[in-house]
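Protein chains: 2
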Amino acid sequence: MDIPTQMKEMAQRAKAAAAILSSCEGAAKKQALLNIADLLEKDQAAIQAANAIDVEAARATDPDGPKIKRLTLSDGVMASMIQGCRDVAAQHDPVGEIETMVKRPNGMLVGRMRVPLGVVAMIYESRPNVTIDASIICLVAGNAVILRGGSEAIHSNQALAGVIAKGLTAAGLPGDAVQVVPTTDREAVNALLTLDEYIDVVIPRGGEGLIRTVCQKATMPVLKHYKGVCHIYVHEDADLERAVDICLNAKTQYPAACNALECLLVHKNAAEAFLPAMAQRLGAAGVRFKGCPRSLPLLGAAAGPAVDEDWGFEFLNLTLAVKVVDTQTEAQAHIARFGSNHTEAILTADYARSLRFLREVDASLVVVNASTRFNDGGQLGLGAEIGISTSKLHAYGPMGVRELTTTKFVLLGQGHVRA
Amino acid sequence: MDIPTQMKEMAQRAKAAAAILSSCEGAAKKQALLNIADLLEKDQAAIQAANAIDVEAARATDPDGPKIKRLTLSDGVMASMIQGCRDVAAQHDPVGEIETMVKRPNGMLVGRMRVPLGVVAMIYESRPNVTIDASIICLVAGNAVILRGGSEAIHSNQALAGVIAKGLTAAGLPGDAVQVVPTTDREAVNALLTLDEYIDVVIPRGGEGLIRTVCQKATMPVLKHYKGVCHIYVHEDADLERAVDICLNAKTQYPAACNALECLLVHKNAAEAFLPAMAQRLGAAGVRFKGCPRSLPLLGAAAGPAVDEDWGFEFLNLTLAVKVVDTQTEAQAHIARFGSNHTEAILTADYARSLRFLREVDASLVVVNASTRFNDGGQLGLGAEIGISTSKLHAYGPMGVRELTTTKFVLLGQGHVRA
Numbered sequence: 001m002d003i004p005t006q007m008k009e010m011a012q013r014a015k016a017a018a019a020i021l022s023s024c025e026g027a028a029k030k031q032a033l034l035n036i037a038d039l040l041e042k043d044q045a046a047i048q049a050a051n052a053i054d055v056e057a058a059r060a061t062d063p064d065g066p067k068i069k070r071l072t073l074s075d076g077v078m079a080s081m082i083q084g085c086r087d088v089a090a091q092h093d094p095v096g097e098i099e100t101m102v103k104r105p106n107g108m109l110v111g112r113m114r115v116p117l118g119v120v121a122m123i124y125e126s127r128p129n130v131t132i133d134a135s136i137i138c139l140v141a142g143n144a145v146i147l148r149g150g151s152e153a154i155h156s157n158q159a160l161a162g163v164i165a166k167g168l169t170a171a172g173l174p175g176d177a178v179q180v181v182p183t184t185d186r187e188a189v190n191a192l193l194t195l196d197e198y199i200d201v202v203i204p205r206g207g208e209g210l211i212r213t214v215c216q217k218a219t220m221p222v223l224k225h226y227k228g229v230c231h232i233y234v235h236e237d238a239d240l241e242r243a244v245d246i247c248l249n250a251k252t253q254y255p256a257a258c259n260a261l262e263c264l265l266v267h268k269n270a271a272e273a274f275l276p277a278m279a280q281r282l283g284a285a286g287v288r289f290k291g292c293p294r295s296l297p298l299l300g301a302a303a304g305p306a307v308d309e310d311w312g313f314e315f316l317n318l319t320l321a322v323k324v325v326d327t328q329t330e331a332q333a334h335i336a337r338f339g340s341n342h343t344e345a346i347l348t349a350d351y352a353r354s355l356r357f358l359r360e361v362d363a364s365l366v367v368v369n370a371s372t373r374f375n376d377g378g379q380l381g382l383g384a385e386i387g388i389s390t391s392k393l394h395a396y397g398p399m400g401v402r403e404l405t406t407t408k409f410v411l412l413g414q415g416h417v418r419a
Numbered sequence: 001m002d003i004p005t006q007m008k009e010m011a012q013r014a015k016a017a018a019a020i021l022s023s024c025e026g027a028a029k030k031q032a033l034l035n036i037a038d039l040l041e042k043d044q045a046a047i048q049a050a051n052a053i054d055v056e057a058a059r060a061t062d063p064d065g066p067k068i069k070r071l072t073l074s075d076g077v078m079a080s081m082i083q084g085c086r087d088v089a090a091q092h093d094p095v096g097e098i099e100t101m102v103k104r105p106n107g108m109l110v111g112r113m114r115v116p117l118g119v120v121a122m123i124y125e126s127r128p129n130v131t132i133d134a135s136i137i138c139l140v141a142g143n144a145v146i147l148r149g150g151s152e153a154i155h156s157n158q159a160l161a162g163v164i165a166k167g168l169t170a171a172g173l174p175g176d177a178v179q180v181v182p183t184t185d186r187e188a189v190n191a192l193l194t195l196d197e198y199i200d201v202v203i204p205r206g207g208e209g210l211i212r213t214v215c216q217k218a219t220m221p222v223l224k225h226y227k228g229v230c231h232i233y234v235h236e237d238a239d240l241e242r243a244v245d246i247c248l249n250a251k252t253q254y255p256a257a258c259n260a261l262e263c264l265l266v267h268k269n270a271a272e273a274f275l276p277a278m279a280q281r282l283g284a285a286g287v288r289f290k291g292c293p294r295s296l297p298l299l300g301a302a303a304g305p306a307v308d309e310d311w312g313f314e315f316l317n318l319t320l321a322v323k324v325v326d327t328q329t330e331a332q333a334h335i336a337r338f339g340s341n342h343t344e345a346i347l348t349a350d351y352a353r354s355l356r357f358l359r360e361v362d363a364s365l366v367v368v369n370a371s372t373r374f375n376d377g378g379q380l381g382l383g384a385e386i387g388i389s390t391s392k393l394h395a396y397g398p399m400g401v402r403e404l405t406t407t408k409f410v411l412l413g414q415g416h417v418r419a
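Those protein sequence lines, which keep their order, are chains A and B.
Just so we're aligned: 171 in the working numbering is position 171 of the first sequence, and the numbers increase by one with no gaps anywhere.
Just so we're aligned: 138 in the working numbering is position 138 of the second sequence, and the numbers increase by one with no gaps anywhere.
Because the hints were derived from the structure by calculation, they are not lab data.
By construction, the Cβ of each residue, glycine as well, lies at the ideal position given by its N, Cα and C atoms.
Covered stretches of chain A (chain B as the covering partner; in silico rule of three or more C-beta atoms under 8 angstroms from a C-beta of chain B):
1) 17 to 23
2) 112 to 118
3) 215 to 222
4) 242 to 252
5) 362 to 371
The task is simple: from the sequences and hints, build the whole structure.
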C-alpha cells in the first residue's frame, strides 16, 4: 500500500474511533488512562529496551547533544509519564456538559454542549514522553489522535503505542483511538496534512521551520506557537528588589523554555538603581547581557552591545537583551514590534499603568508583578497541557483538556418552526 | 506598486488600525456604527448610483439570474443595512471583560480577558450588503477588516467603503479599520492568504470550490462552512402533525439557505402514517421528492427514485430526499456518513432517544422537535452573525460578535516567581 493510502486508512480508523470515544462513558476513558499507567509500570523494561535502540542510533551521529537527553526514557521520565496518566485520569472531564442554557422569546431552549474536537494529529520532536503526554490529554477530552513523533524515536513510540492500545482495549475502548504513524517517511506528514475530511486539527511542535511548513501545507486548522520572545518591562515605581527576583526567575529557572525572559525593558529613571543590582544577581547565575547604549555602562563586565538582530530574538539560553526606554508607551511599542504574542509582563506599583498594560498588550498571557514562567497549563490552573497557542483562534495560551474540546449548539423545542 | 506589495501594505495598515481599535472605548465603536447608519441614509442615492453601474455590467452577461438580485442595493436592502448598523451598535460589547478570575494556591489571580481577534479578512460573493454587515460586526468586536467582495460588486463596495471610512474617522477611529481590496485581480486574494504575520483569520463565503481553495492556500486560520446538508429524523413516536409542520418549515421557508432541510429520514413504523400526509402538504408547496424504494410508493406523484448521489446532496431548492430507516441507529449512521456537520434534528416523544441524539450526533446545531431553520445567530440569541462555522475549532455554529473575539490570560501577581 502506498503511503497516502496508508495515511488515509489510518485517518478513517481514527475518525471511526473518535465517534465511539465522543459519546462513551467518562469512566471508560479514565479507566483506560489508569490501565496505561499500570502497563507502563509493568512493561517498563521492554519500553526502555526499545528506547535504547533509538538512543544508540542517535548517539552514532550526535554523541553528547541535547537530543540524547530529550530522547532518553530514563526511570525519572518513565515515573513522570506514569504519574501524568494518573493525574489526568483524576481531572474533570468536561465532555457532555451543557453550558449557558437560555430560553428564547419563543420558549425554545438553546445551550452549548461541550464535545470533543474529533481527530487530533500531533507532529512533534524526538521526545517519546510526548507520545504518552499528548495521548492521554487527547483521550480524556474524547479525541482520537494520530501521532507522528521525530523519526529518531520510532522504536520508543511504537512500544508506547502498544501499551496505549492495550490500555484502551482493556477499558472497552477502540485501540485505534491512538495510532502512531509507522513510517518515518516525510511523505506521511504531507499526506496527513491534506486529510481534513477526517482530521479536525493538527498540532505541530518543534522548530519554527517545521511549524511554518505545517501551516502552509495543512488544509485543516493548526494550533501552534512559533516561538516565545518574552519581555519584562520594569517601570520606575516598581519594587526593585522584587523585580530582581522576578527577572532572575524568569531568565534562569529554565532558560530553554518558551516562557523564559529574553528581553528586559527598563524605565530610564529606574535604570541606575536597578540595572547594576540586576546584572550582579543574574550575572552570578551565568547570565550574559546584550545591552542598548544607555544600559551598557550599567551592566558590568558580562555585557556586550546589542545589535539590531538581538531585539525579538529567542535566545533559549542564558543571554538577555536589555533596553532602557523613556516611557511605558515606548516599552509597549517595542513589545508590539518584537514580541511573539506569548508572555509579556510589567512590574509596577501603579494601578492605572497595570490596567493599561493588561488591556493594551497583545499576548497569550499578560502579567503584572510576576514571572513570565507562569505561562503553563499547570501553573495557570488548567491541569495538563498539550502546548501553548499564540494564534488567537480557538485557544490563546496554554491548551489543556478544555482547549481540546469545542461546543456544539443544542436546541430543545416543542414543535417550534421559524416565523 | 505590484499587487503583493499593495496587499502587504494594506494588511500592515489594518494591523496598525486593529491595535488602536482593540483598546479604544466601546462608545467610540458604537458611535462609528451610528455614524455609518446616518451616512448610509444621507448618501443612499450616490451608493445606489454606484451600485447601478455594477448591476448594469452584470446584466450584460446574466440578465435575469439570481446574481442580479444578490447584487442589487434596493431600498429594502439599504434599509436593512441601516437598521443592522443601529442594531449592532446596541449589542453588548464583550471586549475587555475578564471571565472566570480564579485564585491559584500561591495567591496569584488568573483570569481570561476577552479581546478582539485582530485583523479579519473576508472573502465573499457579489453581495454588497455583506460589506456593511461584515464590517459592523467586526468593528464592534474591535477587529480591523479587509474586504474582498465579488468582482461584480466592486463599485458598490468602494462606495460603501467610503461611507464606512467617513463614519470611523468622525468617531475618532482609524479609517484603515475597514479597507476594501481595490482590485478584482485574483492575485490579490492569493497574496492576502499568505500574510499571516498581519491577518489573524480569514472568513471565506460563497461556493464550496472557492472555500476549499482558500483552505488550501491560507497560512492563517480559516473560519468557514462548505455546505449545509441538513436532515430531520422522524421517529415512530413523534407527533406526526407537528412533524409535517416542522418539515414544511425546514424545507420551504427559505430553500436556498444552508440550514434548509435536504433529507428526511423516517422510522419504518411511521412511514405509512407520515409520508403521505407530509408529501401532500409539502407537495402542495412545490416540493418534489427523491425517495428510497420503501418511501417511493408513499410519496405520490411528485416523487421519483433517489439515486446514490442524492444522499448528502445540497439541493438548495424545493427537492427533498426521503429515506425510510429501521432504527435510530441507522438514521444516525446515515447522518454521520452524509451530513455536513451543519444542522441535524430528531422529532420524537421519547426522552432517552432525544438525549442520545443530542449527545451522539456531530453537528454545529443539534435539534429536538423543532425546525432546522433555527441555525442562525439571531434565532439562537447571538445577535448579528457573520456566517456559520462547521469546522470545530474556535466556533462551531453561528458566529456572532463573541465568536469574533478570543480570550487572553491575565495574571495579577504580587512578586510571584515560579517554584
